[in-house]
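Residue numbers (our numbering), protein chains in the order written: chain W, 1 to 240; chain D, 1 to 240.
Hints are computed from structural coordinates only; laboratory data are not their basis. Model, not experiment: these values are computed from the prediction. Check before you lean on any hint, since a few could be wrong.
Treat identical chains as interchangeable: a pair holds within one or across any two.
[What the hints assert, rightly or not] Lysine-lysine pairs mimicking DSS-like chemistry, simulated, CA-CA at most 25 angstroms apart:
1) Lys-62 / Lys-141
2) Lys-240 / Lys-99
3) Lys-99 / Lys-141
4) Lys-46 / Lys-141
5) Lys-141 / Lys-106
6) Lys-62 / Lys-46
7) Lys-238 / Lys-205
2 protein chains.
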Amino acid sequence: MNNQPTIILVEPQLAENVGMATRAMMNCGLYDLRLVNPREDHLSAKAISASSGAEEILHNAKIYKTTQEAVADMQKVYATTARPRNQIKIVHTAENAAKEITKDIKDNINVGILFGPERTGLHNDDISLADAIIEIPLNPKHCSLNLSQAVLLVGYEWYKNQINAEDVRFVTNTTTLANKEMVLNFVRHLEQELSEHPGFKDEEKRPHMERNLQNIFTRNNLTEQEINTLYGIIKYLKNK
Amino acid sequence: MNNQPTIILVEPQLAENVGMATRAMMNCGLYDLRLVNPREDHLSAKAISASSGAEEILHNAKIYKTTQEAVADMQKVYATTARPRNQIKIVHTAENAAKEITKDIKDNINVGILFGPERTGLHNDDISLADAIIEIPLNPKHCSLNLSQAVLLVGYEWYKNQINAEDVRFVTNTTTLANKEMVLNFVRHLEQELSEHPGFKDEEKRPHMERNLQNIFTRNNLTEQEINTLYGIIKYLKNK
Chain W
1 MNNQPTIILV EPQLAENVGM ATRAMMNCGL YDLRLVNPRE DHLSAKAISA
51 SSGAEEILHN AKIYKTTQEA VADMQKVYAT TARPRNQIKI VHTAENAAKE
101 ITKDIKDNIN VGILFGPERT GLHNDDISLA DAIIEIPLNP KHCSLNLSQA
151 VLLVGYEWYK NQINAEDVRF VTNTTTLANK EMVLNFVRHL EQELSEHPGF
201 KDEEKRPHME RNLQNIFTRN NLTEQEINTL YGIIKYLKNK
Chain D
1 MNNQPTIILV EPQLAENVGM ATRAMMNCGL YDLRLVNPRE DHLSAKAISA
51 SSGAEEILHN AKIYKTTQEA VADMQKVYAT TARPRNQIKI VHTAENAAKE
101 ITKDIKDNIN VGILFGPERT GLHNDDISLA DAIIEIPLNP KHCSLNLSQA
151 VLLVGYEWYK NQINAEDVRF VTNTTTLANK EMVLNFVRHL EQELSEHPGF
201 KDEEKRPHME RNLQNIFTRN NLTEQEINTL YGIIKYLKNK
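Looking at chain W on its own, in the form it has when it is part of the complex (with noise of 0.2 angstroms):
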């Protein structure tokens, strides 16, 4: 039992394609990793290199002579394909597919997520191996991802499930958001000092000003040290 997908590479024929695979496995919190029959040396120093800081899931990985040995412990398998060629399968987008696999991992289930050698991708006899094929939507007219982007791609989706990232948020370091008190204050001393303008000299004109003014300034989410920023920048001015 684990608690996240086994990552497993079948038949990968470049030791440094290992390598950047382990790099944005370690990107995405995914350590677990099975490589079928791989035609290059998975501890060569192209692959370290190109672990690029992941070498302990290179250490770890485990090897098997057939993707059949590979799954045999594994529950859940998902095949990632370009594109789903002759198989009766369900397919789902990554996305999906990463809610699903964070279900299974939840109800304690072994999954492994299967990927293909670079360049002919997954074999159909392998593909039939898995439960469900798990589909990248990309421009159809130029689908073909390196192995390392694809796990990527997988592994950040899956990513996505595990944390609680904000959609958006306001980064204000040390200080904080102004309340509308010091926001509407800064605006009427700014009116104050303009008060000779003939925009402001005006009456007709004014409150079309005031107005423009309280949203140049309210739109725009200024932090305390920013509206002290701004009174500074008036006084300077007055005094030039």
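Given chain W's structure and the hints, the job is docking chain D onto it.
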């Protein structure tokens, strides 16, 4: 005005990385590239080879001396950073930024997305040119991405908003999902063939066995072709 965001690579160091970034762009249906002060020739053999079929993007790329010049005609600019630094700024996840950018483009707004140099990421001066920051949620212990992977993840999120991929679908190729009559007829046929089996002869066990068989053969979405295959198997086994 543009129907997609412009990818702006600021001071990319290696031509190969620029090439790989264009491959990722094309994967995601993005074609508009700008380069700010690239260190190497973006039309070198290395770049073309790494672009892996996306060389038209390299040929059409526009070159600028400064980031300010590259964003001059943009109306909204997003800056990608591994971790937002000392800036008072709105931070979107890649997923949310993609939704925002899709809306921006519908509103005929020119959008640019800045990516920094490989080693350092964007300078604070360049980040301050942006309306908002895009942060890709990744394992905080290992969040460094190479340039093309950052472009791929942001582009992928954008592309997902351009298409309406079905979350999950069932691919049956030339055959179709069997209807319930066909499935149940098959189960009844199998039961008949098994009428001498101890589990079916025992009147008490029989309903349980029948439910079991019905579960087995209704849970896996059998197609018409597959049911015919199963009839054939029974026939063969009988005559063995």
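Hint check results:
1. Taking the closest pair of Cα atoms, Lys-62 and Lys-141 come within 25 angstroms of each other only across two copies (23 angstroms); inside a single copy the shortest separation is 36 angstroms, beyond that limit.
2. For the homomeric pair Lys-240 and Lys-99, neither the shortest alpha-carbon distance inside one copy (61 angstroms) nor that between copies (45 angstroms) is at most 25 angstroms.
3. In this assembly of identical chains, the alpha carbons of Lys-99 and Lys-141 lie at most 25 angstroms apart only when taken from different copies (23 angstroms versus 27 angstroms within one copy).
4. Taking CA atoms no more than 25 angstroms apart as the test, Lys-46 paired with Lys-141 passes between copies only; the shortest distance there is 23 angstroms, against 32 angstroms inside one copy.
5. Taking identical chains as interchangeable, the C-alpha atoms of Lys-141 and Lys-106 lie at most 25 angstroms apart only when they sit on different chains, with a minimum of 23 angstroms there against 37 angstroms within one chain.
6. Taking identical chains as interchangeable, the C-alpha atoms of Lys-62 and Lys-46 lie at most 25 angstroms apart only when both belong to the same chain, with a minimum of 19 angstroms there against 35 angstroms between chains.
7. Taking CA atoms no more than 25 angstroms apart as the test, Lys-238 paired with Lys-205 passes inside one copy only; the shortest distance there is 23 angstroms, against 97 angstroms between copies.
Violated hint: 2 only; the structure is consistent with all others.
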